[in-house]
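Residue numbers (my numbering), protein chains in the order written: chain A, 1 to 259; chain B, 260 to 449.
Calculated directly from the structure, the hints in this document are not laboratory data. Among the hints, a few may not be true.
As the list claims (entries may be wrong) - In silico EDC-like links for lysine to aspartate or glutamate, alpha-carbon gap of 20 Å or less: (1) Lys-409(B) - Glu-231(A); (2) Lys-419(B) - Glu-212(A); (3) Lys-20(A) - Glu-57(A); (4) Lys-419(B) - Glu-14(A); (5) Lys-409(B) - Glu-45(A); (6) Lys-172(A) - Glu-151(A); (7) Lys-442(B) - Glu-14(A); (8) Lys-154(A) - Glu-212(A); (9) Lys-124(A) - Glu-143(A); (10) Lys-409(B) - Asp-47(A); (11) Lys-20(A) - Glu-45(A); (12) Lys-331(B) - Asp-411(B); (13) Lys-289(B) - Glu-212(A).
Unchecked claim - Covered stretches of chain B, going by a simulated chain A footprint (3 or more residues, C-beta under 8 Å): (14) 340-351; (15) 426-433.
Stated by the list, open to error - What the simulated footprint calls covered on chain A by chain B, stretch by stretch (three residues with Cβ under 8 Å from a Cβ of chain B suffice, anywhere in the stretch; the number is not a length): (16) 36-50; (17) 124-131; (18) 157-167.
C-beta atoms are modelled at their ideal positions from N, C-alpha and C, and glycine is treated no differently.
Listed here are the chains, written in short residue letters.
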Amino acid sequence: MERNIEALLDLCIEEMKRGKSLEACLANYPEHADQLAPLLRLAQEIDNLPLPVALPEAMSATLFNLGTRFGVSERKKGALALSRVLQARRSWAFGAVSFLLILLFGGATISTKSIPGDILYPAKLATEKVVFFFSFNAEEKVELRLRFSYERLKEMVQIFEQSGTLDKELLKSMLDEAKLALEHGNQLSGLQASLFQVKFNHANAYQKESLEHIRIAVPPSELKTVDRAIEVCTNRMQWMMKRMKEGRHVPWTRGCDMW
Amino acid sequence: MTIRKRELAEDEVHELLRKFKDGDITAFTKLYEHLYPKVYAYVYYRVNSVQDAEDLTSDVFIKAIENLREQKGSFDAWIFRIACNRVIDHYRRRSVRQNPLNVEDKNLGSEDFDAIMEGHFFQQEFKQALTQLTHDQQEVIILKLVEGYKTDEIAAMLDKSVEAIRALQFRALSTLRTLLDAKRGEKRKR
Numbered sequence: 001m002e003r004n005i006e007a008l009l010d011l012c013i014e015e016m017k018r019g020k021s022l023e024a025c026l027a028n029y030p031e032h033a034d035q036l037a038p039l040l041r042l043a044q045e046i047d048n049l050p051l052p053v054a055l056p057e058a059m060s061a062t063l064f065n066l067g068t069r070f071g072v073s074e075r076k077k078g079a080l081a082l083s084r085v086l087q088a089r090r091s092w093a094f095g096a097v098s099f100l101l102i103l104l105f106g107g108a109t110i111s112t113k114s115i116p117g118d119i120l121y122p123a124k125l126a127t128e129k130v131v132f133f134f135s136f137n138a139e140e141k142v143e144l145r146l147r148f149s150y151e152r153l154k155e156m157v158q159i160f161e162q163s164g165t166l167d168k169e170l171l172k173s174m175l176d177e178a179k180l181a182l183e184h185g186n187q188l189s190g191l192q193a194s195l196f197q198v199k200f201n202h203a204n205a206y207q208k209e210s211l212e213h214i215r216i217a218v219p220p221s222e223l224k225t226v227d228r229a230i231e232v233c234t235n236r237m238q239w240m241m242k243r244m245k246e247g248r249h250v251p252w253t254r255g256c257d258m259w
Numbered sequence: 260m261t262i263r264k265r266e267l268a269e270d271e272v273h274e275l276l277r278k279f280k281d282g283d284i285t286a287f288t289k290l291y292e293h294l295y296p297k298v299y300a301y302v303y304y305r306v307n308s309v310q311d312a313e314d315l316t317s318d319v320f321i322k323a324i325e326n327l328r329e330q331k332g333s334f335d336a337w338i339f340r341i342a343c344n345r346v347i348d349h350y351r352r353r354s355v356r357q358n359p360l361n362v363e364d365k366n367l368g369s370e371d372f373d374a375i376m377e378g379h380f381f382q383q384e385f386k387q388a389l390t391q392l393t394h395d396q397q398e399v400i401i402l403k404l405v406e407g408y409k410t411d412e413i414a415a416m417l418d419k420s421v422e423a424i425r426a427l428q429f430r431a432l433s434t435l436r437t438l439l440d441a442k443r444g445e446k447r448k449r
């Protein structure tokens, strides 16, 4: 009997998934309706839950991890040794410059959360430049450019939330950094190039979505600027999608832009 | 009840996989877009925090790419097996007890606020109640009602008979119902 009810429950769930109503399912098995009804209602409730949404940043981070792994495994031993030396050099340089900046700014921690107008903001930009200077391959440069673009977006949104004003400089920087990421992406090949394409599209979609949210609250005088930026993001997405469909990597062309 | 969206059919997944294994790397991007949300949803319901879910999902893909040459049979079954093992490792390594209270608003997909809040509370309760089930029961409920797989597909994935999956499903839903009813009873008393 118990075995029977297990099969009936499963049958009803499958039928409901195909569009049959709970009541219609129960009507087929009136002798088990009392036992089945609460379980089917619960199954329905669980099935109706929204799926947890994966954040674009998390998808991008995973892609970057994959890219890094693949990049390393594809390199030759000699290149790996060189990479280690360069990594060490970069770490040393980053440490030294950070130390100098900390001295310059009176021992305060260089805040990655600072925004334009904060005393530490110039230090944040300087650190970004140093880190970029000591990046040695297109893969790292692409990653950094996308990260900087994301930082500018974050800063712009923060300022907008605090003061209701649109910082056009940050908006322009956000788009410029993404454009530079595209240019560095041109040097990637194979899997790296494909990973970059997906990652760039996620970043671009996220920027577009954020701008669309800002657009709702922006003063009418700023609408044109926001619309133009949204258009740039849309063009870039369409352009990149076209490239991906053609199965080509990212060669930078004039057809793409923009601001 | 609706059928969960399955953007790519199994044969399409296999075709993309074949192309990817043959060196067509653009096939990977399609596979990734298709698989990431599925794996993430699975892991999300099995661990405490969004951060852990993101980290483990990342691990699953690294592991999958590393072992791609060894993949045979159903790709979905294979990748969920990797995800399942990563979740088990996660709890084993950290000796963490499941206490999934950290469900963050940003993970809800609906746009309607009331629906979001209603769904959010139920999602929290459901996630918490899931931890009281056995490992196999959790897997069956997530694969069937969250991921939308059919019973025979789950049986193949978990290497069990259809009857065993039905039994697990029945017991899991009965336990969940008891736990969630008790929770709702407590709420009404307050």
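(request) Examine the stretch 157-167 of chain A for residues whose CB is less than 8 Å from any CB of chain B, and state whether their number is three or more. (result) violated (count 0)
(request) Below or equal to 20 Å on CA atoms is what counts here, so check Lys-289(B) against Glu-212(A). (result) violated, 26 Å
(message) For the stretch 340-351 of chain B, count the residues whose Cβ lies under 8 Å from any Cβ of chain A; is that count three or more?
(response) violated (count 0)
(request) Quick one: see if chain B covers the stretch 36-50 of chain A, three-plus residues with Cβ-Cβ under 8 Å. (result) Our answer is that it holds, as 11 residues pass the Cβ test (under 8 Å) against chain B, meeting three.
(request) Given the hint that Lys-419(B) pairs with Glu-212(A), test it: the Cα-Cα distance must not exceed 20 Å. (result) Since the Cα atoms of Lys-419(B) and Glu-212(A) sit roughly 48 Å apart, the hinted pair is violated (cutoff 20 Å).
(request) Could you grab the alpha-carbon distance between Lys-124(A) and Glu-143(A) and see if it respects the 20 Å cut-off? (result) holds, 17 Å
(message) For a C-alpha distance cap of 20 Å, please report whether Lys-419(B) and Glu-14(A) respect it.
(response) holds, 19 Å
(request) Assess, step by step, whether the Cα of Lys-409(B) is no farther than 20 Å from the Cα of Glu-45(A), and give holds or violated. (result) At roughly 18 Å apart (the allowed maximum being 20 Å), Glu-45(A) and Lys-409(B) satisfy the hint.
(message) Tell me if the straight-line CA distance from Lys-172(A) to Glu-151(A) falls inside 20 Å.
(response) holds, 12 Å
(message) Check the hint pairing Lys-331(B) with Asp-411(B) against an upper bound of 20 Å on the C-alpha distance.
(response) Answer holds: Lys-331(B) to Asp-411(B) is near 18 Å, not above 20 Å.
(request) Please work out if Lys-409(B) and Glu-231(A) have their alpha carbons no farther apart than 20 Å. (result) This hinted pair is violated, its Cα atoms lying about 42 Å apart.
(request) Examine the stretch 124-131 of chain A for residues whose CB is less than 8 Å from any CB of chain B, and state whether their number is three or more. (result) Violated: only 0 residues of the stretch 124-131 of chain A have a Cβ under 8 Å from chain B.
Against the hints set out earlier in the document, violations occur for numbers 1, 2, 3, 7, 13, 14, 17, 18.
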